[in-house]
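**Student:** Read off the chains here:
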Amino acid sequence: MSAAEQFHVDEVSPSYWRVTFDNGPVNLLDADTIDQLGVLVGRIENAPDLTVVVFRSDKPGYFMAHWDFLADNARVAAMQPGPTGLHPYVDNFVRLGRLPVATISEIRGRARGAGSEFVLATDIRFASEKAILGQFEVGVDAVPGGGPMARLGRLVGRGRALEILLGGDDVPAALAAEYGYVNRVIPDGEIENFTDAFARRIAAFDKVAVAGIKKLVDAATLPDDAEFAAGLQAYFATAGRPERRPFVQLLFKNGMQQPDGIETDLGTAIGKLRQTANG
Amino acid sequence: MSAAEQFHVDEVSPSYWRVTFDNGPVNLLDADTIDQLGVLVGRIENAPDLTVVVFRSDKPGYFMAHWDFLADNARVAAMQPGPTGLHPYVDNFVRLGRLPVATISEIRGRARGAGSEFVLATDIRFASEKAILGQFEVGVDAVPGGGPMARLGRLVGRGRALEILLGGDDVPAALAAEYGYVNRVIPDGEIENFTDAFARRIAAFDKVAVAGIKKLVDAATLPDDAEFAAGLQAYFATAGRPERRPFVQLLFKNGMQQPDGIETDLGTAIGKLRQTANG
Amino acid sequence: MSAAEQFHVDEVSPSYWRVTFDNGPVNLLDADTIDQLGVLVGRIENAPDLTVVVFRSDKPGYFMAHWDFLADNARVAAMQPGPTGLHPYVDNFVRLGRLPVATISEIRGRARGAGSEFVLATDIRFASEKAILGQFEVGVDAVPGGGPMARLGRLVGRGRALEILLGGDDVPAALAAEYGYVNRVIPDGEIENFTDAFARRIAAFDKVAVAGIKKLVDAATLPDDAEFAAGLQAYFATAGRPERRPFVQLLFKNGMQQPDGIETDLGTAIGKLRQTANG
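Residue numbers (my numbering), protein chains in the order written: chain A, 1 to 279; chain B, 1001 to 1279; chain C, 2001 to 2279.
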C-alpha cells in the first residue's frame, strides 16, 4: 500500500470528527497504518473541544479486513516504542482506548484480525447486519497481537471469548450482538443516521463530563498495559513462522486480500482449508 | 420534600421484607432519602432472620426518577462519612451491595440518574416493559456520583457501559435486558407475582447459605471502595456548576420533576435540547 | 457407584478427544469421579498434540445431575491436595480451566450443582434446548463448593449470578444463553454435528497458537485460586449439616437421584418443598 493518508478526517465541528479509513480494495492495515494512526491519536488527544469521533469505511463489505500479509514486517519490528512504552502497534490501541473523547466504530462490513482489534480498542461498536467480525489468527497458527485476549474476555465473558479466539470462525453481526462483541445491530440502511445522531448528542455535551466519565470507566474496565505487551510478544513469537508459508500462499491463491475471493468468508474458509491441507 | 418516611417497610415475615419508595409525584431522591436509606440499611444489616428484601414503587411510571435538582446541596455536602468512611450517599449504596441478604429491585417505571444508581446497588433487577433506565448526567454536564462507572462496566461490559454513560440516552427495558443492565423483562401484569414468588423462595432458605453465597460473589464482583470515592468526587467537581443553571432552568420550564412533562423521556429530551441550546 | 471408569475417552485423533461421562442413571459425581477426573486432567495435560476435548453424555436428559448425596464424604474429606495445593475437588476444576487445549461441554440434559460447576470449569458451553443448568445448593442450605461464585460473577455479571445462586432455581437453556451461562443454544438434533465440526476446526490448528491464546485469556479471566479455596471451605462448613437431613430424606422420598422423579425439575421443586416444609 502507499504512504498516502489512510485516515480521512472530516472535522464536522470542533467537538465531532468523522474518520473514514481507506487502504486498498479491502482496507488492510499495514506499517503505514501504524504510523498514521499514531499521528491521528495524537491529534485527537490534543483537540481541546473534541468529545466524539466516529470511525467508518466507504469500502463496500469491508471496515478493515485485517493485517496485510505482504506488509513490511522488518519495518514494523524495528519501530520505536510509543508514549506508553509499548510497541506502536499496541501503543496506538491503548492510547485509543484512553482518549478523553467517545470513540465509535460504525461497522458495515468485515472487521477481522487487526480490524477486530481496532474496533475493540474503540469505545462503542455499532454494527449493521452486513458486519462480520472475527479473530482468525489461530487458523494461521498465530496468537493475535493487538490485545483481543485481554479485551474480549472482559467484554463477552471467558466462554464466548474462547469460542471466538480458539474457533477463529467468522462472527456475523447478530451473533456478535448476542455475545456483546458489538453493542447492537442497526439496519444497514439506518446505521449512518443512527450513528450520526448518537454522535451529535455527545458532541453537544461538555468535554469535562465526557472526559471525567471516560476516565472512571477506563479505570474500571481497561486491562493493564502488561497484558498488551504479553499479547504482542506472543504474536511476534508465533506469526509468520516459515512452516506456515505454504498455507498462506494457498490463501493468496484463493484470492486473499481481494474483495471477492476468500475474504468474503475468510474465518470459515481457513478452518475448512486447514482440515483439507492437514488431512 | 418532607422528612416523612420515604421507605415504607412491609415486614411480610422475619425473612422477607417488601419496601415501597415514596417521595413526591415522581419519586425523587433528596437529602432525606440519604438519611433514611442509611437507617434502613442499618435495620436490614441487623435483622437476624432476613434473607430477602424487595424494593418497589406504587407511583405509576416512576421507580425513582432521579436526584432532586432542588435538594439542599449544602446539607448534603456537610454530611459526615458513614461506616465505610465514604460520604453517606455512596456509603449507603456500598453497604446495600454488601448486605447478607438478597436485594431485588422490581422496576415498573423510570429509574434514571440516582434512581439507576440505586437499582445498580441492589443485587437483582427485574423490570417490566414499562421500565426505563438511564444515566443522563452527562447531558447536564456532570459525572454521575453514585458509582455507575464502576458498576456498569463490570455488569454490561465496557462498550455498552460507555454507550449508556456517554450517550446519556434513555434505555428502555428490552434494551436494558439485552445489555444486562437488568436481569430480565417480565410482563408488567405479572411482575409483582413473579418477584413475590422469587422472593418467597429465598425467604424459605437458610440465612447461613444466603449470606455465605453473597459474601463470595461480593468478593468476585464488587468494585473497590476507592472507585466510589473517585466517582463521587468527580460528581461534586462537575455537578451544579453555575454555567449550567440556565439549562437546568430550561428543563424545569419543560416540566422537569413533574409526572407528565419532560420526565417521560428525559434522557432523550435532554440530548435534543442541548443540541438546540448550543446551536 | 462403582470404581469403573466414569470417563470414556474416544481418541478421535491425536489432536481431538471426545469424552463421554457415565455414572449411574443420572450421571452423579462422587468420590470416584474426583479421582478419575484428576487422572484424566493429567492425561490431557501431557498429550503433546491435543488441541481440543469435547465432554458429553449419552444419558438421556442428564449431562451430570449433581453431587451424589450418598457419596462417601469421609473419603472426600480425607483426600490429599492436588498439584495446585487445593483439595482435589477444586484442584481438578482449576487445572481443567488452565489446560493448554480447548475444552467444550456439549450439554443436552441437566447439569446442576457439581455438574454446573464442571461445565463452568470447561472453556466453552454449547447447549441444546433440552439442557437445564442451575446451582440449587442454597435450597439445601449449602454454599456451592466448586467455584460458581467466582466464575458466574465474571461470566454473566453480578446481577444474574446472584439470581442464579441465591434463587437456586432451574435455568433452562434459552435463559442460560440469554445470560451467558452457556455460549449459545443449538437445536438438539444438530448439536452433535455442530460441536464435532467446531472441534475438528480446532483439531486442525497448531498447538502453539491454541495454547498461547488460552494462556493469555486465562490471565485475563480466571479467578485467583484463593477464591476457589474460600468457596470449598464455605461448602464444607455448610453442606451436610445434621439439621438438613430430614429435608434431604424428603427429596429422596420424591425420587432424587432417579431419572423420572424430582430430578426432572429439581431446582424448582426444592424451592416449593422448602416453602411447604417451613410453612
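Derived from the structure by calculation, the hints contain no laboratory data.
Computed from a prediction, not measured in an experiment: that's the story for all the values here.
Built from N, CA and C at the ideal position, the CB exists for glycine as well.
Treat the hints with care, since some could be wrong.
Some chain A residues judged to face chain C by a derived CB distance under 7 Å, without partners named [to be verified]: (1) V138; (2) V143; (3) A150; (4) G153; (5) A161; (6) E163; (7) G271; (8) Q275.
**Student:** Give a verdict on every hint.
**Tutor:** Structure-based check of each hint:
no.	hint	result
1	V138	5 Å, holds
2	V143	4 Å, holds
3	A150	5 Å, holds
4	G153	4 Å, holds
5	A161	6 Å, holds
6	E163	5 Å, holds
7	G271	4 Å, holds
8	Q275	5 Å, holds
This entry satisfies every hint, going by the numbered hints stated previously.
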